[in-house]
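J.: Bring the two chains, given one by one in their own frames, into a single complex with the hints.
Chain order of the listed sequences is A and B. Read in order, the letters of the first sequence are residues -19 to 415 in the numbering used here. Read in order, the letters of the second sequence are residues -18 to 276 in the numbering used here.
Quick caveat, the hints were computed from the structure, so don't treat them as lab data. As the structure is a computational prediction, the values presented were derived from the model and not from experiment. Cβ atoms here follow ideal geometry from the backbone N, Cα and C, with glycine treated the same way. Careful: at least some of the hints might be erroneous.
The calculated EDC-like cross-link candidates involving lysine to aspartate or glutamate, where the alpha carbons are at most 20 Å apart (straight line), are [claimed, not checked]:
#1 B:LYS26 x A:ASP89
#2 A:LYS397 x B:ASP110
#3 A:LYS397 x B:GLU12
#4 A:LYS340 x A:ASP382
Derived list of chain A stretches under chain B, where covered just means 3 residues or more per stretch with a C-beta under 8 Å from a C-beta of chain B [said to hold, decoys possible]:
#5 85 to 95
#6 232 to 245
#7 362 to 373
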Amino acid sequence: MSREHKSERPAGITRTAIFGATLGVALLGSSVSVLADQITVWSGYPEMAPFYQHVAEGLKAQFPDLTVDVEAIGLRDHEKRVALGISSQNAADVIELATSSATRYMQEDLLQHPPADVASYVQDPANFDKYFSDAASYNGQVYGAPLFRGQSALYYNTDMFKAAGLTEPPKTMDDYTKYAAKLAQRDANGNLTVSGWSMRLSGGGQGIAEKFWINMFQYGGNIVVQQPDGKWKMTLATPEGHKNLAQYIQVVHGDKSDTIEAPADSDAFERGQTAMFIRESWVIGDIAKKAPDLKYATSTLPMGSIVSPVNLFVGSDQHSAEAWAFIKAATSPENQLWMLENVGWLPNRANLDYTEILKKTPQFAAFVQLPKDYKFFQLPNIGPADEFLTRVAAKLTDDFADASLLNNDAGIDAALKSASDDGAAVLDRAGILAK
Amino acid sequence: MLARRQWLFAMAALLPILAIFAWVRFYPIEETLRMSLHEWNLISKTRPFIGFANFQELFGDELFLTALFNTTVIAFGTLAITIPVGMGIAALINYRLGSRLAGVFETTTFIPYIVPLVPAAMAWKWIFDARLGPLNAFLSLFGISPLSWLFDPVLSVICVIVLCAWQAIGYAVLIYVVGFRNLPTNVFEAAKLDGASGLQAFWHVAVPLLRPITLYVSVVTLISGFNVYAQAYVLASDAQGAPGRQVRVLVLDMLENSFRNYRVGYAASEAVILLAIVLLLTLVQFSLLRERGAR
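Looking at chain B on its own, in the form it has when it is part of the complex (with noise of 0.2 Å):
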């Protein structure tokens, strides 16, 4: 009787979080899921039920198609170099420097992080430009010539990479850092009884200990990586005197299909088609990474 009131007490106190919680979640996720099956044009009052037929144009659509390459390549690529310079610096922090300066590099490598977006993208943006651009500077030092990197369709997306990790390093260091931490010294004691050297011990003992930092990190990063905009916008944004390769990415194609296309059905079908990769891959991750035998 007790533990039914108790039951019915709790439930009463989480009900408002709960209902909040649907409203802002998954009334949204499921708004989405019902709009991507419909034609609207954001502005009629009708909004007909057309089944699978925006699903069906998505896979004919190059636009759509080329957005989805260039983001799932700068997803991919983001966790290719957030991952191991991550999991680095933070070791490099942990065993290699002096603790007094441990701290201002964890600072250091933090404050990408925390910068507002888009004036970092601007000083990038001219960090890559193709005739002031110091990169362009610092490479002609050793004769190699200029190079266009935000007008080259490959070098483009490069740079979207390179602005996307420099951001998420940041947080990757200060989760590893925390990881490394916490990992037990005995192991290590124990490698090194076992002759292992500094480098054996990080590889076999410290970098499958922190397997589930890193399948945090790279669920986060993949995910952020995905939802790629901003960067891509002001990288290569159509602003007057400063022309640059759009690089399309999949949340600039829903925007402008939604908003200057005025086709929020069809924009509501590729904000599904990112979901549904979004979960796979997170599933992917957490089959792969997850230790055995855990739940």
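Chain A extracted, bound-state conformation (with noise of 0.2 Å):
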């Protein structure tokens, strides 16, 4: 008995062996071949996620066994997970990302190059204005392909401006502050119960500063401005950062047409919570998907907005060419309109047309019909800007709550210099603040 036991066991290891290493040599096989099937796109917008799905579908006819995996997560997590991941060298096949936060890594050329018909395509001026080519280039070398753009526009509650005896959009920043204090609703003991304009006055992040810039833009200002010598002035503390703060500190504290705490943001206007707001083009997409019954307008700034392009790269060279393949047909003229239709986020593709669109949701006209003078700014292309300006807003953000800066000029002076200073020791810091 023992023996038998004995001989049969060399042969059951030698059985389980060879089974194992079989399974094993499949499994690995498998997991190889499914690899090289599949890509990985990030993104920090989680409501383009149904996009790149959608372009994937599209992939289907020349890369029948291709799989697409969409990892799209928050801006701020992603731009962290960004960092780790070229800097490790495990990015993402398809990495979305903003010419600002992008601008870094192409000066370090740790993005993948693409093929000669990919950078051909991506500076033909019949695809992509040189603007937004530029923006997905560093020295004139090509390394994306631009795919969207952040610009803003007001959006109004038109009801809310019905039963305010008002007939059409602010013209003026004076016309904001009016408007604002006539659409404020409050309760019988006198609580805001619907914000007149709702700015951005708290939170995280460099959004605050953003969002001060753009109302800032209206006053004709900046709050940094570059040098013909490439370096770069802080222009916070002038006339124009003045009038905006005090804007500000006039609506929160004066007016009390908005308060730190109340609901804010796209939430709040989808959810009747504030009158109106300042914000980007994906905002139509997501009232479309979450208060489809609101009743809303948009309407230009009164001097121009931001633009922020967003372009697509490769971060990995395994995959190269399906990568590549991905990012050009996500920027064809045809997803690019799906694109804004489903998701609101406006295309960078020249040339387009928009007017099928525009039928079915004219909220767009404020984004692609632009006045003839309309003037455009965008957030400096240099390392440390994302500390520059979280740097200003967490100073801003003290100042939005400072009741004391009520019709005290000396006060608003002194804030933004303080504010300014934070941001020219960053820029000294990177040898780029101009003297």
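T.: Put into structure tokens, the structure is as follows:
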């Protein structure tokens, strides 16, 4: 018995080993084949996930076995994973990134270079305006393809405007303050129930500074301006900055048309908790999903808007052929129009015909049919852009909550100088502060 | 000879474990210390040595000082709530409640410790909501005006302390209950014979005898308090439509400096400061609470 048992054991082990090895090879082979047919897309905008899936579906004819794994998360976390992924050479095949964030990777040549045909495609003015192809390039080297842009307009609740006796959107920044006061709604105790104008007053990150800059731009100002020598000069503590901060303080602490604790942004607008606010075009797609019955319109801003180009890059050389094919497909005219209609982000592709979409969703007009003298600005394409804006935002957040700044010109100037000094310190450390 | 062979065998057996421990514990600490003396933006190929420049800059950095202040207040605030409340609840469970219910109360108080942090923080975010939150609704019953819990600079820090303490108390109660059950009964009998009331016996006998437990709980609570991050991040994040006042804490500041500002050396110097503070406070706690004569 014992002998038989002993004699059987090696055979059993051998069989098991052979079976295990075969299974292992089979599993390894299958996993390799799966990996070869899969690309990963990293996005910082969760609402973009359906768009990338739509693009992937369209690629089936060219790559029948290709699987596209879309990982769309919040922007700030996305930026962190891109930093970690690229620095550790574990980035996704396709990465969506704003020019302001991508610049440092292009500077260090850490993003994949496209093949010649893709580079020509990006540089062809029939496909993309030079402004956008430049935004996906560095020192003449193309690194990515322009996808969409952030551009702001005013959203306003037409029912609330009607109830307040307002027949047209505000035309000047003074109008904004007056309108906000008229549109604000309060309960019997005088507490604000609907803000007249939802301004970005608190929260984290650079968004506060960006929104402040958009409003300041309506007064003809900028937070920072590039000088002829290529360096940057802080222009926050200027008369334009003063007017802008004074307006925030007036709305929040003077008229109390908005408050720090009031519900804000797109969610508040969709729930009828604010009468108007300034935001990018994606809100149109968001409203269509979350508040389809909301009566609202859009309007261009008094002077102009921010433009934040967002591009697609290739972060890994493992599946670059599939990745670049995906990027070309994502920037095709058909898919760019699909993105506008279904997600709401503005396409960067040139020569698109928006007629049909505007018929269905006239609110897009404030983003694509612009006055001739409409002006644009963009966030500086400098390495420490995020830190610079975050530092300024940290100061502004405190200023917005400071009621003592109401009708206090000296206080406002001091607050702006303090924020400006913080921003200047960041630029100075990076060696790009103009003296 | 035998002892030497035994020693060699023991060392050989321990070596893999020691190697792993050194790799996962000491190497990262050493790297952090080294990185704090360099300037590195995460993606550049060069890392110039800059000495203590990062540390010099830190102490003039308003955001860091704010983060340091907030973190210290949160850590000590959490400690100040957790120790007495945890000890009090454990005493009630041990002395005042029937044995059948004691298990239920132990479990109930321990649940917050094992509940995933993010959903718990979201629930607290709703509780603190200025307009819809039940806390303001409750306060209004007493004629108190609604408070902007998550927007006021002071109140938002208090909110984080409450959330941290809510979580930490469960663990403290569990440890204190074990401590209470292991206290020698004869000293309480002696105290009773000497005429001590229950409260006096608790204060003059139980509390001193529980000193080692208090030391352990306070060290653990303080260290976890200084590492606060998710509580502040979730309670006062920048999600659209739910703006909050960002309670800047050290870990949040480090993450921001590392992965948004690409200043890894600078963030490492913050980590070194945090390490030094925690080490120092732990030593102070040991020296204050360790029993006299104990090693």
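J.: Would you mind marking each hint as holding or not holding in the structure?
T.: Outcome of the hint check:
Distance check on the hinted pair: LYS26 of chain B and ASP89 of chain A sit about 11 Å apart at the alpha-carbon level, within 20 Å; holds. Distance restraint check for LYS397 of chain A and ASP110 of chain B: the Cα-Cα separation of roughly 34 Å exceeds the 20 Å cut-off, and the hinted pair is therefore not satisfied. Pair hint LYS397 of chain A plus GLU12 of chain B does not hold up; C-alpha atoms about 38 Å apart against a cutoff of 20 Å. Taken as a hint, the LYS340 of chain A and ASP382 of chain A pair is broken in the structure, with Cα atoms around 44 Å apart against an allowance of 20 Å.
Coverage of the stretch 85 to 95 of chain A by chain B holds. Counting CB-CB distances below 8 Å, 3 residues qualify, and the rule asks for three or more. Residue count for the stretch 232 to 245 of chain A with a Cβ under 8 Å from a Cβ of chain B: 5. That meets the three needed, and the coverage hint holds. Proximity of the stretch 362 to 373 of chain A to chain B, defined as three or more residues with a beta carbon under 8 Å from a beta carbon of that chain, is established by the 6 residues found.
Violated hints, in rising order: 2, 3, 4; the structure is consistent with all others.
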